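Chain A is fixed; fit chain B onto it per the hints.
Number of protein chains: 2
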Amino acid sequence: MTLQLARRMASIKHSEIREILKVTQQPDIISFAGGLPAPELFPVEAIDRVQHLVLQEAGTQALQYTTTEGFAPLRSWIAKRMNSRLGTSFDLDNVLITHGSQQGLDLSGKVFLDPEDVVLCESPTYLAAISAFKAYGCRFIEIPTDADGMDMVVLENTLKSTDNVKLIYVIPTFQNPTGKTWNLQKRQQLAQLASRYNVAVIEDNPYGELRFEGQDLPSVKSFDKTGQVLCTGSFSKIFCPGFRIGWIAGDKELIRKYVLIKQGTDLQCNTVAQMVIAKYLELYNIDDHILKIVALYKKRRDIALQTIQEHFPKNVHYTHPEGGLFTWVELPENVCARDILDLALQSKIAFVPGGSFSRIMKDKIPLG
Amino acid sequence: MTLQLARRMASIKHSEIREILKVTQQPDIISFAGGLPAPELFPVEAIDRVQHLVLQEAGTQALQYTTTEGFAPLRSWIAKRMNSRLGTSFDLDNVLITHGSQQGLDLSGKVFLDPEDVVLCESPTYLAAISAFKAYGCRFIEIPTDADGMDMVVLENTLKSTDNVKLIYVIPTFQNPTGKTWNLQKRQQLAQLASRYNVAVIEDNPYGELRFEGQDLPSVKSFDKTGQVLCTGSFSKIFCPGFRIGWIAGDKELIRKYVLIKQGTDLQCNTVAQMVIAKYLELYNIDDHILKIVALYKKRRDIALQTIQEHFPKNVHYTHPEGGLFTWVELPENVCARDILDLALQSKIAFVPGGSFSRIMKDKIPLG
Numbered sequence: 060m061t062l063q064l065a066r067r068m069a070s071i072k073h074s075e076i077r078e079i080l081k082v083t084q085q086p087d088i089i090s091f092a093g094g095l096p097a098p099e100l101f102p103v104e105a106i107d108r109v110q111h112l113v114l115q116e117a118g119t120q121a122l123q124y125t126t127t128e129g130f131a132p133l134r135s136w137i138a139k140r141m142n143s144r145l146g147t148s149f150d151l152d153n154v155l156i157t158h159g160s161q162q163g164l165d166l167s168g169k170v171f172l173d174p175e176d177v178v179l180c181e182s183p184t185y186l187a188a189i190s191a192f193k194a195y196g197c198r199f200i201e202i203p204t205d206a207d208g209m210d211m212v213v214l215e216n217t218l219k220s221t222d223n224v225k226l227i228y229v230i231p232t233f234q235n236p237t238g239k240t241w242n243l244q245k246r247q248q249l250a251q252l253a254s255r256y257n258v259a260v261i262e263d264n265p266y267g268e269l270r271f272e273g274q275d276l277p278s279v280k281s282f283d284k285t286g287q288v289l290c291t292g293s294f295s296k297i298f299c300p301g302f303r304i305g306w307i308a309g310d311k312e313l314i315r316k317y318v319l320i321k322q323g324t325d326l327q328c329n330t331v332a333q334m335v336i337a338k339y340l341e342l343y344n345i346d347d348h349i350l351k352i353v354a355l356y357k358k359r360r361d362i363a364l365q366t367i368q369e370h371f372p373k374n375v376h377y378t379h380p381e382g383g384l385f386t387w388v389e390l391p392e393n394v395c396a397r398d399i400l401d402l403a404l405q406s407k408i409a410f411v412p413g414g415s416f417s418r419i420m421k422d423k424i425p426l427g
Numbered sequence: 060m061t062l063q064l065a066r067r068m069a070s071i072k073h074s075e076i077r078e079i080l081k082v083t084q085q086p087d088i089i090s091f092a093g094g095l096p097a098p099e100l101f102p103v104e105a106i107d108r109v110q111h112l113v114l115q116e117a118g119t120q121a122l123q124y125t126t127t128e129g130f131a132p133l134r135s136w137i138a139k140r141m142n143s144r145l146g147t148s149f150d151l152d153n154v155l156i157t158h159g160s161q162q163g164l165d166l167s168g169k170v171f172l173d174p175e176d177v178v179l180c181e182s183p184t185y186l187a188a189i190s191a192f193k194a195y196g197c198r199f200i201e202i203p204t205d206a207d208g209m210d211m212v213v214l215e216n217t218l219k220s221t222d223n224v225k226l227i228y229v230i231p232t233f234q235n236p237t238g239k240t241w242n243l244q245k246r247q248q249l250a251q252l253a254s255r256y257n258v259a260v261i262e263d264n265p266y267g268e269l270r271f272e273g274q275d276l277p278s279v280k281s282f283d284k285t286g287q288v289l290c291t292g293s294f295s296k297i298f299c300p301g302f303r304i305g306w307i308a309g310d311k312e313l314i315r316k317y318v319l320i321k322q323g324t325d326l327q328c329n330t331v332a333q334m335v336i337a338k339y340l341e342l343y344n345i346d347d348h349i350l351k352i353v354a355l356y357k358k359r360r361d362i363a364l365q366t367i368q369e370h371f372p373k374n375v376h377y378t379h380p381e382g383g384l385f386t387w388v389e390l391p392e393n394v395c396a397r398d399i400l401d402l403a404l405q406s407k408i409a410f411v412p413g414g415s416f417s418r419i420m421k422d423k424i425p426l427g
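Protein sequence lines correspond, in order, to chains A and B. The opening position of the first sequence corresponds to residue 60 in the working numbering, with each subsequent residue numbered one higher. The opening position of the second sequence corresponds to residue 60 in the working numbering, with each subsequent residue numbered one higher.
For reference, chain A alone in the conformation it holds in the complex (with noise of 0.2 Å):
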């Protein structure tokens, strides 16, 4: 006899970039799949002693329970960084620690989503965004997404003329995976728009602290005048993934929401973790590491673009990312990418095909 699942188990298979990521942990490949930060930049030393100072300090208290809200330092930290460099006006309460801002996104799909909900989003979008919602058995529906966002026209037409929307996710700063960054308008129309037809809007910026040209553009959130937006974030990127520190912030009455809903989910994050992260934003400057952080990840960048441009055919187009981790490079209609997958895996190189990447991609066109 086998066990009855929930429904949901159905439609929940392995993901295709956790298998590539598992070919990429032999040693010799050389690999451009997944968002692994620079581990050569984790801040090891400063961590050793930031954590011994904890300890030393304030052990009982770091290794025993603490609130479902998370450690309060930290959360003002958080507070006032959102907004200084994203326009928000925040304070401690807007926001909840949670464990890697995945656990942002799989909170707001148990807070918005009954079944057959609809969830909007960019096209191509984050594969475990998708995951992450789909859970809660809810349907997608993507929205074209150019160099400068979602198209706001069919955005419009879409919320008019779908019932049961409930959330529109985006990712609107070196976006995951193309790295492109919206433009300040389609910031401030999104909000509008979120507002005009009561929807949520989760603002994903996971990478937002990483730019190496232009000008930072006041996040989504900052547009918004009536409580619709949730900002997702985490130091997974800025400082190490290790500790799956994130958070979420938005409308008080709503975040309040969320920390019922994760006290019966896990009751609340790693306290050390909480009160280490604290300690170094207290000793260290963290502003200097992460001019080292984009001083090598935009090397990166251009080493890639360059070699892009003196090698790849003409007809293949690529983005030009002005910050993250992440390249975004369409095929000919003709060619896919998976079999350019298993060519490049003979000669150890891996990547991501970007059908993963999306619903509609994956049911109807090879890959890109």
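For the record, the hints were derived by calculation from the structure and aren't laboratory data. Heads up, a few of these hints could be off.
Since the list can't tell identical chains apart, any single copy or any two copies may satisfy a pair.
Below, a list of computed lysine to aspartate or glutamate pairs in the DMTMM-like style, where the Cα atoms sit at most 25 Å apart [to be verified]:
hint, residue 1, residue 2
1, K81, E128
2, K193, D176
3, K358, D87
4, K72, E128
The structure presented is a predicted model; accordingly, all values stated were derived computationally and were not measured.
Frame of chain A, contents of chain B only:
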């Protein structure tokens, strides 16, 4: 305009225990509420040393992403420990590392439960398990439970007469909140009934290592011939809760489903915490550490029971736990525990009224 939330949110309320725990954060309160481990026993110095070693020896690995399944040496240790103490026959592929055992419950809800499915549980049961499962829209049926475990006749009749029973949730050893322990026969019967009626069992065991007296008993899982039983466990009560490291173990094919669902939920658990615990287990004898915990908790239990016996009215009944953290006090029918809590709080003493632990009791009888 107010955003429309998922239907589940209507039934998600503030946890009464969490509210009482807030009161207990006042420094002059004597608290019998909440299962907070004794912080004076946290191995702060050992953890400090081990953290340093882990960062020195494998800093970049410890701060990087890892697999969803978790750190292999830790999973192997858990499998061996369970085999030697609980009569299981696991290896590392039977074990998924979770964010505390609480996440094992949440993931179980996600893997098994559709709205209106039924969860059978002890009466009373662990409050946060109700919260975890309730988020998936299930109903609960409480099975009468005496000093030796669930009433097996009622359990079988309920299984026979109820559609869509997906989970049986039990804490057979030093139960939360009663401190009771199931006898051998009922453990065996539960495994048989689960197999006969093809229902999954979640055997939650966060306190099993903390035995003050009497003989260890084999787990329900050890009697499971058909792979129906999943076991959750945790380092919170034998090491420290701040790291949020627990596990769920069971049939390999089923654990693969949990791994898939955890990928979309939060990618993985904290890498550093997993490696620190594994290194601690390699360098220190955790059994020596557990002996210290058991000695202190036994002393506390003895004082509690002796005080109850000396000072409580004779028509108040209470359990005699052979281990763990909890004792359950039953008041006469006409006395309301919440009224007594109000009086106790005036004398700066806190406890959790029993009605919190039961959906039925909450609705029907005052409290007890």
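Failing hints, ascending?
none
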